Amino acid sequence: MQIWDFFQGIHTFFLVAPGLALARIFLIILGFVFIYFGYKQTLEPLLMVPMGLAMVSVNAGLMIFEAGNISTLFVQPLTNNIQELMSYLQIDFLQPIYTFMFSNGLIACLVFMGIGAITEIDYLIARPFSSLFLAVFAEFGTIFTLPIAMAWGLTAKESAAISLVGGADGPMVLFGSLIMAKNLFVPITVVAYLYLSVCYAGYPLLARLVPKKMRGIEMDWHDVPRISKGAKFGFAVIICGILCLLFPVAAPLFASFFVGLAVKEAGITRYIEFVSGPVLYGSTFFLAFTLGSLLGADIILDPVVLKLLVLGMLALTLSGLGGLAGGLIYHKISKKPFNPLIGIAAVSCVPTTAKVVQKCAYAANKKCMILPFAMGPNVAGVITTAIVTGIFVSGIKILG
Amino acid sequence: MLIKALLFSLVSFAAAMVIGFFVAAIIKVIASLLRGKEEVAPKNTKR
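Those protein sequences? They're chains A and B, same order as listed. Using the working numbering, the letters of the first sequence map in sequence onto residues 310 to 709. Using the working numbering, the letters of the second sequence map in sequence onto residues 6 to 52.
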């Protein structure tokens with residue numbers, strides 16, 4: 310036994326390929342950067358602190374197993390073999406969360422329940438056409454990444470599956486890849502949840518494309534009628550049933566979101582406290598922590614994951630730009646003051662993008678409060694992602 | 006094939022817009038059924 314065997318985290322730097330070792334160092338530094346910006350509240354601390362810490366730990370904590378394999382005790386996402394999976398479930402401490410909550414979308418549904426319990430849907434009820442108009446524009450990335458992915462060598466079904474990342478709804482992406490590209494299900498799972506960091510870090514940069522004066526446009530509160538709790542409760546129940554009937558592909562998301570909303574509007578205090586507290590923050594914490602632990606150098610350097618990562622980022626960027634274009638068009642045609650940044654909120658990723666645009670608008674004008682207006686297109690974004698998923702699943706056979 | 010994929014994308018965009026407006030119309034109908042319970046925010050006040 311040599312002294313290096315006691316310090317396997319360091320020893321493994323010299324055992325792996327130089328590219329992998331450099332990637333580990335890069336991801337450790339990136340983890341520290343995320344933690345720093347989370348601590349400074351430049352990026353969302355709820356996500357960045359646990360995610361950054363997991364990134365640092367997973368890339369530092371590599372060790373040598375009995376068979377000579379170099380791996381960690383965190384999680385093994387790239388496995389399809391049931392026997393291997395059973396073994397990882399007993400060894401890797403985050404494997405149960407990944408297998409039973411992450412890869413089937415349960416954790417995202419729990420986040421949706423919590424979000425439902427803190428969401429105001431007055432604007433969606435009052436202005437459904439403008440909300441859906443913006444949300445369709447914010448599917449630009451989902452729709453136009455498809456031909457780009459095909460040009461890059463992916464099959465039509467694989468291209469459609471990765472394009473769904475542009476809709477920024479994790480469970481819908483997982484469903485799409487299960488139906489259309491089962492062979493890419495695991496790497497797409499990893500890529501799909503990376504949208505969280507992209508939305509937080511990237512969309513404020515897109516918002517800067519809009520002149521500061523327009524970013525700070527205040528909207529008229531009287532434009533949104535107050536709706537009684539009873540009416541909102543009725544709306545939540547009826548629209549949930551109708552949307553599940555129309556789009557079964559997104560039924561788990563709709564059911565999760567509207568049960569949170571129904572609990573809130575029904576005033577069931579104990580459930581509101583439970584769903585908007587432990588459920589929302591517990592699932593957000595484990596989502597971010599598990600996501601960070603998935604960002605190991607071996608996964609990031611996998612050529613397939615790298616390709617999907619680039620296409621996923623492209624899809625989200627195009628969706629953000631599409632939403633912004635929709636916002637600018639609506640700003641032009643609307644007779645009332647309309648802040649075009651709301652278009653970015655239509656990318657869905659409830660409520661991340663709505664919070665991001667509120668932050669950008671506030672930075673431009675300290676009196677600007679657009680969050681309640683942004684929640685309408687934000688929720689409508691879930692509906693349009695379900696629509697596009699349905700179109701892709703049923704129509705992709707045309708492309709072979 | 007790429008042109009076919011691009012056309013598919015354009016048709017998908019148009020279809021999403023049409024179905025989106027159909028859903029918006031349903032929301033509008035439900036909202037109008039609940040209209041009696043709406044309360045208009047009083048003028049000159051901020052919520």
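FYI, nobody ran anything at the bench for these hints, they're computed from the structure. Remember, predicted model here, so these are calculated numbers, not experimental data. Hints are not guaranteed to be accurate.
Across the chosen pairs, the derived CB separations fall in these ranges [as the list claims (entries may be wrong)]:
1. B:26 <-> A:522: 42 to 48 Å
2. B:6 <-> A:590: 35 to 41 Å
3. A:535 <-> B:12: 29 to 35 Å
4. B:31 <-> A:370: 32 to 38 Å
5. B:26 <-> A:535: 35 to 41 Å
6. A:389 <-> B:37: 49 to 55 Å
7. B:37 <-> A:487: 48 to 54 Å
Listed next, the in silico DSS-like pairs over lysine-lysine satisfying Cα-Cα at most 30 Å (straight line) [stated by the list, open to error]:
8. A:616 <-> A:641
9. A:706 <-> B:33
10. B:9 <-> A:645
11. B:33 <-> A:664
12. B:9 <-> A:644
13. B:33 <-> A:538
From the derived model, a few chain A residues whose C-beta atoms are all more than 10 Å from chain B [unchecked claim]:
14. 440
15. 444
16. 468
17. 548
18. 693
Positions of the beta carbon are idealized from the N, C-alpha and C atoms, including for glycine.
We went through each hint and held it up to the structure:
1. A beta carbon spacing of about 31 Å between residue 26 of chain B and residue 522 of chain A contradicts the range 42 to 48 Å that was offered as a hint.
2. Checking the proposed 35 to 41 Å range against residue 6 of chain B and residue 590 of chain A shows it is violated: the Cβ atoms sit about 47 Å from each other.
3. Distance hint for residue 535 of chain A and residue 12 of chain B: a CB-CB separation of about 45 Å, inconsistent with the stated range 29 to 35 Å.
4. Between residue 31 of chain B and residue 370 of chain A the beta carbons are some 51 Å apart, a value that contradicts the proposed interval 32 to 38 Å.
5. Checked against the hint of 35 to 41 Å, the pair residue 26 of chain B and residue 535 of chain A fails, with Cβ atoms roughly 26 Å apart.
6. A hinted range of 49 to 55 Å for the beta carbons of residue 389 of chain A and residue 37 of chain B is consistent with their spacing of about 50 Å.
7. Evaluation of the 48 to 54 Å hint for residue 37 of chain B and residue 487 of chain A yields a failure: the beta carbon distance comes to about 38 Å.
8. For the given pair, residue 616 of chain A sits about 37 Å from residue 641 of chain A by alpha-carbon distance, which is inconsistent with the 30 Å threshold.
9. Distance check on the hinted pair: residue 706 of chain A and residue 33 of chain B sit about 34 Å apart at the alpha-carbon level, beyond 30 Å; violated.
10. Between residue 9 of chain B and residue 645 of chain A, the direct Cα distance comes to roughly 40 Å. Violation of the 30 Å bound is thereby established for this hinted pair.
11. Between residue 33 of chain B and residue 664 of chain A, the direct Cα distance comes to roughly 26 Å. Compliance with the 30 Å bound is thereby established for this hinted pair.
12. Only pairs whose Cα atoms come within 30 Å are accepted, and residue 9 of chain B paired with residue 644 of chain A is rejected, the gap being roughly 39 Å.
13. Under the criterion of a C-alpha separation no larger than 30 Å, the hint pairing residue 33 of chain B with residue 538 of chain A is consistent with the structure, at around 18 Å.
14. At roughly 7 Å from the closest C-beta of chain B, the C-beta of residue 440 of chain A falls inside 10 Å, breaking its exclusion from the interface.
15. Distance check on residue 444 of chain A: its Cβ comes as close as 7 Å (rounded) to a Cβ of chain B, failing to clear the 10 Å threshold; non-interface status is violated.
16. A beta-carbon of chain B comes within 10 Å of the beta-carbon of residue 468 of chain A; the shortest separation is about 8 Å.
17. Non-interface call for residue 548 of chain A relative to chain B: violated, since the shortest CB-CB distance, roughly 6 Å, does not exceed 10 Å.
18. Taking the minimum C-beta to C-beta distance to chain B, about 6 Å, the non-interface status of residue 693 of chain A is violated against the 10 Å cut.
In terms of the numbered hints stated before, the structure departs from hints 1, 2, 3, 4, 5, 7, 8, 9, 10, 12, 14, 15, 16, 17 and 18, listed from lowest to highest.
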